[in-house]
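Q: The primary structure of each chain is shown beneath.
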Amino acid sequence: GLFVWRLRNAGARQIPCRFVHLYHVASNRLITFQYFNFLKRMYVTQCNKDLSQRAKPKPDSIVSPFHELQQLDQEKKDVHRISSVSPVHQSWSEMSSRNGLREMKSASETEDSVIPVGAESKEDRQWKEMKLRLDDLPGILARLSKIKLTALVVSTASAGFAMAPVPFELTCFLLASLGTGLASCAANSINQFFEVPFDSNMNRTKNRPLVRGQISPLLAVCFAASCGIPGIALLTLGVNPLTGALGAFNIFLYTCCYTPLKRMSIANTWVGAVVGAIPPIMGWTAATGSLDAGALLLGGILYSWQFPHFNALSWGLREDYSRGGYCMMSVTHPGLCRRVALRHCLALIGLSTVAPVLNITTWTFPVISLPINLYISYLGFRFYRDADRSSSRKLFFCSLWHLPMLLLVMFTCKKSVLEKEDKGDLPGGSHEMAMEIRLP
Amino acid sequence: PPAHSHSDWIGPPDKHSNLRPVIFYVPPEESALERRLREARQEAQASNQRFWARHNRAFRQEKEEFIYSRLKAKGLEMRDESGQKATLNAEEMADFYKDFLSKNLKKHLQYNRDWYKRNFRITFLMGQVALVRALRWLRRRKKNVE
Numbered sequence: 005g006l007f008v009w010r011l012r013n014a015g016a017r018q019i020p021c022r023f024v025h026l027y028h029v030a031s032n033r034l035i036t037f038q039y040f041n042f043l044k045r046m047y048v049t050q051c052n053k054d055l056s057q058r059a060k061p062k063p064d065s066i067v068s069p070f071h072e073l074q075q076l077d078q079e080k081k082d083v084h085r086i087s088s089v090s091p092v093h094q095s096w097s098e099m100s101s102r103n104g105l106r107e108m109k110s111a112s113e114t115e116d117s118v119i120p121v122g123a124e125s126k127e128d129r130q131w132k133e134m135k136l137r138l139d140d141l142p143g144i145l146a147r148l149s150k151i152k153l154t155a156l157v158v159s160t161a162s163a164g165f166a167m168a169p170v171p172f173e174l175t176c177f178l179l180a181s182l183g184t185g186l187a188s189c190a191a192n193s194i195n196q197f198f199e200v201p202f203d204s205n206m207n208r209t210k211n212r213p214l215v216r217g218q219i220s221p222l223l224a225v226c227f228a229a230s231c232g233i234p235g236i237a238l239l240t241l242g243v244n245p246l247t248g249a250l251g252a253f254n255i256f257l258y259t260c261c262y263t264p265l266k267r268m269s270i271a272n273t274w275v276g277a278v279v280g281a282i283p284p285i286m287g288w289t290a291a292t293g294s295l296d297a298g299a300l301l302l303g304g305i306l307y308s309w310q311f312p313h314f315n316a317l318s319w320g321l322r323e324d325y326s327r328g329g330y331c332m333m334s335v336t337h338p339g340l341c342r343r344v345a346l347r348h349c350l351a352l353i354g355l356s357t358v359a360p361v362l363n364i365t366t367w368t369f370p371v372i373s374l375p376i377n378l379y380i381s382y383l384g385f386r387f388y389r390d391a392d393r394s395s396s397r398k399l400f401f402c403s404l405w406h407l408p409m410l411l412l413v414m415f416t417c418k419k420s421v422l423e424k425e426d427k428g429d430l431p432g433g434s435h436e437m438a439m440e441i442r443l444p
Numbered sequence: 096p097p098a099h100s101h102s103d104w105i106g107p108p109d110k111h112s113n114l115r116p117v118i119f120y121v122p123p124e125e126s127a128l129e130r131r132l133r134e135a136r137q138e139a140q141a142s143n144q145r146f147w148a149r150h151n152r153a154f155r156q157e158k159e160e161f162i163y164s165r166l167k168a169k170g171l172e173m174r175d176e177s178g179q180k181a182t183l184n185a186e187e188m189a190d191f192y193k194d195f196l197s198k199n200l201k202k203h204l205q206y207n208r209d210w211y212k213r214n215f216r217i218t219f220l221m222g223q224v225a226l227v228r229a230l231r232w233l234r235r236r237k238k239n240v241e
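Same order as they appear, the protein sequences are chains L and R. To convert, note that position 58 of the first sequence is 62 in my numbering; the numbers rise steadily by one, no gaps. To convert, note that position 123 of the second sequence is 218 in my numbering; the numbers rise steadily by one, no gaps.
Read the hints as simulated data drawn from the structure, not as lab findings. A virtual CB, placed ideally from N, CA and C, is assigned to each residue, including glycine. Keep in mind that a hint or two might mislead.
[To be verified] The calculated label-pair distances, taken between Cβ atoms and stated as ranges, are:
no., chain 1, residue 1, chain 2, residue 2, range
1, R, Ala229, L, Ala237, 22 to 30 Å
2, L, Trp367, R, Gly222, 52 to 60 Å
3, R, Trp232, L, Ala249, 34 to 42 Å
4, L, Ala249, R, Lys169, 26 to 34 Å
5, R, Ala148, L, Ala229, 29 to 37 Å
6, R, Gly222, L, Tyr382, 48 to 56 Å
7, L, Ala249, R, Leu230, 33 to 41 Å
8, L, Met268, R, Arg155, 18 to 26 Å
9, L, His337, R, Arg152, 25 to 33 Å
[What the hints assert, rightly or not] Pairs of lysine-lysine residues, derived as DSSO-like cross-links and limited to a Cα-Cα distance of at most 27 Å, are as follows:
no., chain 1, residue 1, chain 2, residue 2
10, L, Lys135, R, Lys110
11, R, Lys198, R, Lys110
12, R, Lys202, R, Lys212
13, R, Lys193, L, Lys398
14, R, Lys110, L, Lys132
15, L, Lys135, R, Lys212
16, R, Lys167, R, Lys202
17, R, Lys158, R, Lys110
[Unchecked claim] Here are a few chain R residues that sit away from chain L, every Cβ distance over 12 Å (derived from the structure):
no., residue
18, Pro108
19, Val121
20, Glu125
21, Arg131
22, Glu134
23, Gln137
24, Ala168
25, Lys169
26, Leu230
27, Trp232
28, Leu233
29, Arg235
30, Lys238
31, Val240
Please model the complete structure; the sequences and the hints are all you need to start from.
A: Encoded structure:
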């Protein structure tokens, strides 16, 4: 959910394609499948960057001490200049590699170190005019709103919608997805607006638009307002007031509670987990118009998932968090961090078992999901016991495919609406005119 | 930045504070409001720079001291036979990170408050300046049309 905001965006040019691709997909199944592939690709790029100091060449900036990538950079420059490679380039790449080697040597074995400024691309070391170029704007806004994270949030909301035991209505679905997406964009933009000096100091976030001065804070706030207000209005008027209220509450929780709390107390992780749990609840209420036990169960599953996901991720970022002043369990209470991750992996098993009891899925769901839930619990246990980088990475990567797979299995095991009509216990309807499929 | 430029320029991240310095453009007919905005931004930039440069320097220094003291306790030197700098693994560094964070928490709380206040004030001033400029532009267009 929103907790997956920890992702960085890989590069402006890649984002629009992925995003459009996701939205072209009609059914929920395909969405989760895309989400899985897309996540994997993105994470492999990102996490390589974070955890092993090896960088994939990015269109914007190249952070790399490795020789091949320097050659790539040089080639790029050759293409742009007619003259032969000047001595400046040679000395820069030498200096860069010297910096890089020095940096590698002084880096502690398993921890990342702060990558020095010298290792950044030459482009980054130039002075840039703070003028907004209109053709850069889409890319900048995509990064400001953390568009990939927003896409994931919307897909969890659509999972909530799909799991609701009512006939599927396309307009309602689209309105709910759009509204949720806009609300998420707004929340992410405000988050970046609040965190500029902190983002500058952390490796993962130092290339954000506000940090680089590509956009003014005023414009960021205006953009957030122009996404948030229509988004919530759309949810309240076009779907139902409950969904709108949840959306507004989630924006408030994320921007005014979670963001400041990150620097005050470790309680931020729990608040953040709630933030991530709300989108599927919103999807459910969009479909049914009421907060049923099923909505809370889906929310609960996402709530529990956040912990292994985030705790494993934060294990590798302890240095940056400590220096940046972020209060995270992995820094201050490492034992608690691992315990909580394990606890919630096990909770996922419990929650999956409750699903058929609440008539959301058939009994095949806990059975089929048991292997993946057991696997993540096993990795959670390994993380708890070993408390090292490799176990945290394994757990983190597992959480990435675990969630889409779980939601997919849940959807396939969904208790059919027709079955429930026969039993005569169709839950409260939605406000739209539904085209209900009845058997003759 | 070139002398003829009419906009602000932002530079590469500072070595100590990791913040990007901005050189502000002073227009010849700067209004009082615009001057207040520019001064607020300059002041915020200076204050941020001071805080983070000092903070990061302290972090690096304390980290070195920690590594040194731990290595000494283990009976090792700072550099081993091949001349490479000796390091501690993540679990040993974790104690340092925890300690550093708790020591600096109060400092961070104070800084957060200041930063949020400054950020809101600057953005509000930006809004006022933008509004005034927009009205001026509209008035000028009306005059041109008449």
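Q: Each hint: holds or not?
A: Results of checking the hints against the structure:
A hinted range of 22 to 30 Å holds for the C-beta pair R/Ala229 and L/Ala237, which are about 24 Å apart. Between L/Trp367 and R/Gly222, the C-beta spacing of about 57 Å keeps the proposed range 52 to 60 Å intact. Look at R/Trp232 against L/Ala249: about 39 Å separates their beta carbons, and that is inside 34 to 42 Å. Between L/Ala249 and R/Lys169 the C-beta distance comes to about 58 Å, which lies outside the given range of 26 to 34 Å.
Judged by the Cβ atoms, the range 29 to 37 Å given for R/Ala148 and L/Ala229 holds: they are separated by roughly 34 Å. Range check, R/Gly222 to L/Tyr382: Cβ separation about 53 Å, and the 48 to 56 Å hint holds. Range check, L/Ala249 to R/Leu230: about 36 Å between beta-carbon atoms, so the 33 to 41 Å window is met. For L/Met268 and R/Arg155, the Cβ-Cβ distance of about 25 Å falls inside the hinted range of 18 to 26 Å, so the restraint holds.
Our hint of 25 to 33 Å for L/His337 and R/Arg152 holds, since their Cβ atoms are close to 27 Å apart. For the suggested pair L/Lys135 and R/Lys110, the alpha carbons sit about 24 Å apart, so the restraint of at most 27 Å is met. Of the pairs offered as hints, the one joining R/Lys198 and R/Lys110 holds, with about 24 Å between alpha carbons and a cut-off of 27 Å not exceeded. A distance of roughly 16 Å separates the Cα atoms of R/Lys202 and R/Lys212; the hinted pair therefore holds under the 27 Å criterion.
For a cut-off of 27 Å, the pair hint linking R/Lys193 to L/Lys398 stands: about 24 Å separates their Cα positions. Our distance criterion of 27 Å between C-alpha atoms is met by R/Lys110 and L/Lys132, whose separation comes to about 17 Å. Taking the CA atoms of L/Lys135 and R/Lys212, the gap is about 25 Å. The hint holds against a cut of 27 Å. Straight-line distance between C-alpha atoms of R/Lys167 and R/Lys202 comes to about 30 Å, which puts the hinted pair past the 27 Å bound.
Between R/Lys158 and R/Lys110, the direct Cα distance comes to roughly 17 Å. Compliance with the 27 Å bound is thereby established for this hinted pair. Its beta-carbon lying about 5 Å from the closest one in chain L, R/Pro108 breaks the requirement of being farther than 12 Å from that chain. Non-interface status of R/Val121 relative to chain L is upheld: no Cβ of that chain comes within 12 Å, the nearest being about 14 Å off. Against chain L, the non-interface label of R/Glu125 holds: every CB pair exceeds 12 Å, the least being about 17 Å.
Consistency note on R/Arg131: stated as away from chain L, and its beta-carbon is indeed over 12 Å from all of that chain's, at 15 Å minimum. With a closest Cβ-Cβ approach of about 16 Å to chain L, R/Glu134 is found to remain outside the 12 Å limit, as its non-interface label requires. Non-interface status of R/Gln137 relative to chain L is upheld: no Cβ of that chain comes within 12 Å, the nearest being about 14 Å off. Every CB of chain L is more than 12 Å from the CB of R/Ala168 (nearest about 17 Å), matching its label as outside the interface.
Against chain L, the non-interface label of R/Lys169 holds: every CB pair exceeds 12 Å, the least being about 14 Å. Listed as outside the interface, R/Leu230 is consistent with that label: its C-beta sits roughly 16 Å from the nearest C-beta of chain L, beyond the 12 Å cut-off. Non-interface call for R/Trp232 relative to chain L: holds, since the shortest CB-CB distance, roughly 16 Å, exceeds 12 Å. For R/Leu233, the requirement that its beta carbon stay farther than 12 Å from each beta carbon of chain L is met, with the minimum near 18 Å.
For R/Arg235, the shortest C-beta to C-beta distance to chain L comes to about 21 Å, beyond the 12 Å cut-off, and the non-interface label holds. At the 12 Å boundary, the C-beta of R/Lys238 stays outside the reach of chain L, the nearest C-beta of that chain being 27 Å off. No Cβ of chain L approaches the Cβ of R/Val240 within 12 Å, the least distance being about 26 Å, so the stated non-interface status holds.
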